[in-house]
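Line by line, the protein sequences give chains L and U. Here the numbering used here is used: the first sequence runs in plain steps of one and ends on residue 1483. Here the numbering used here is used: the second sequence runs in plain steps of one and ends on residue 431.
Heads up, incomplete: computed chain U residues facing chain L, CB under 10 Å, no partners named: (1) L37; (2) A55; (3) H136; (4) T137; (5) R288; (6) G376.
By construction, these hints were calculated from the structure, which means they are not laboratory data. As the structure is a computational prediction, the values presented were derived from the model and not from experiment. All C-beta atoms, glycine included, are put in the ideal place defined by N, C-alpha and C.
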Amino acid sequence: MTVELKGTAHKFGDDINTDYIISGKYKFKTLDMNELAKHVMEDIDPEFYQKIKPGDFIVAGKNFGCGSSREQAPRALLAAGIRGILAQSFARIFFRNAINCGLLVLECDTSGIQDKDELEVDPLAGKVIDVTRGKVIEVRPLPQVMIDILSEGGLVNYFKKYGAFRGV
Amino acid sequence: MAEKIFGKKVGKEVQAGDLVIASIDCAMGQDGTTPLAIQSFEEMNAQSVFDPGRIFFVIDHNAPSPMESVSRLHDRMRAFAQKFGIQVFDVGEGVCHELMVARGLVVPGDLVIGADSHTCTYGALGAFSTGVGSTELAVAMASGKLWFKVPETIRINLQGKLGIGVFSKDVILFIASYLGADGATYKAIEFHGPVIERLEVEERFTISNMAVEVGAKAGLMIPDSKVISWVQKRSRRTFEPVFPDDDAHYAEVIDIDCSLLVPQVALPHRVDTVKSVEEIGEIPIQEAFIGTCTNGRAKDLEVAAKVLAGKKVATGVRLIVAPASREVFLQALQMGWVEEIIKAGGVFVTPGCGPCVGTHQGVPGDGWNVISTANRNFKGRMGNKEAFIYLASPATVAASAIEGKIADPRKYL
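Generate the whole structure from the sequences, applying the supplied hints.
This is the structure in structure tokens:
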């Protein structure tokens, strides 16, 4: 089985923190992710929410998602239509949170991808195709427990199904 | 130390890189993350919590509530806690990371998770503590367990002796500039050396607190005799401290001589862009903030009061102080520090997170420069993306409040 996902790249730089993804001034007020979605990346790109088409990808440099542990960050990105994040590296709490709420996080060499490139992502095969540039990019594999959580659509469903973590 | 704590929790020897399912000693959630954890808990159809005596909720980030939607989320936390018998530290009790240690809830050798990135603070007690998201808090509350990757460790030896006017905050800001914002991602840090040994326990928390600012999963220190007696005074729990082996393997060993260190300032909008106060130049300020889980403790207010005693906050500067807890506030009152700070022109807000995370109590104006004792200076962090946040020690912040510009505290000490 292959799951191929297509979307446009939105390019960001290094060290995009969770305050930028969703500012503290919004995230404390509500659990409504559709409301929070309107404010994603607002402080660094006020028009970002308008630019997203459902299924798009964020492409970033190193240390994406550093800073606070707020799970509202990956959840708001998902609600805004972002399907996954491709980055050189991720901050650890964001990385776990993303998997836990079913947002794809792919560690790979993003240096050749440009803003607005069309991407095809095959998460199971661990492969990204930059269609615009005709390049295939290898993705660093995830540990099995994370693949299992992603396969269930996130940690809530995983835990509902298994009631505990299975052997890691 | 990380390997040994995880080994103890899973009952066998483990190595860096191993994935383990480990039992946790306690779990903490605050008002920015717990409502979502409760939602996940309910969506999982979880029926009970693993041990209500090991779960703690703290209402500190947005307290007292500035609006009705926040009040509803706070009430949701209170109702959930009441249903399961979980202790809530409500409005005004203090910052979560101060309460967890000062109330004796965390002890050396513990494995602790908290739905807040600065949970790494408790590493100063020799506990492995780390931040998680809301859904992981939900799973931990329900099952008492979580999966972890045992991290590699960077050892940092802090040699020499800190000069007058140089504090643990200056040390960790220097380390942040040295390692960079992702210098320790997915690794633990162990802080060693005579500088740590000389610091009082509450000063050590400042360093462990900011381990996450270089991406670290934990910021560990040896639970020496100071730590043991500090914890014994506060906790009724029995505990088994864990120490690193003499032949422990480290991913990297870094030696830093702190003797020549001068007061440090992190520049907007990055924690790892740091200059010494001597080379920073003329930076006028409009707001000065002393508080947070990094620097809102008694020693912090003491040094601020010492700097401010008999002086006046400069015209055009708002000095806001948020004690880390009710106990810290009381101590500061009894010691006369509150009076010194208020006479100088400072204002006190509710013990808790204060204006650090931009939800209330001191949102800066457009174009303002803020000097703060907090741990983050990201654009927009304090609620206004048009403001500029500088990070420094309480002494530097107090000195800057007096001069109306970023100032060297050493002449006041």
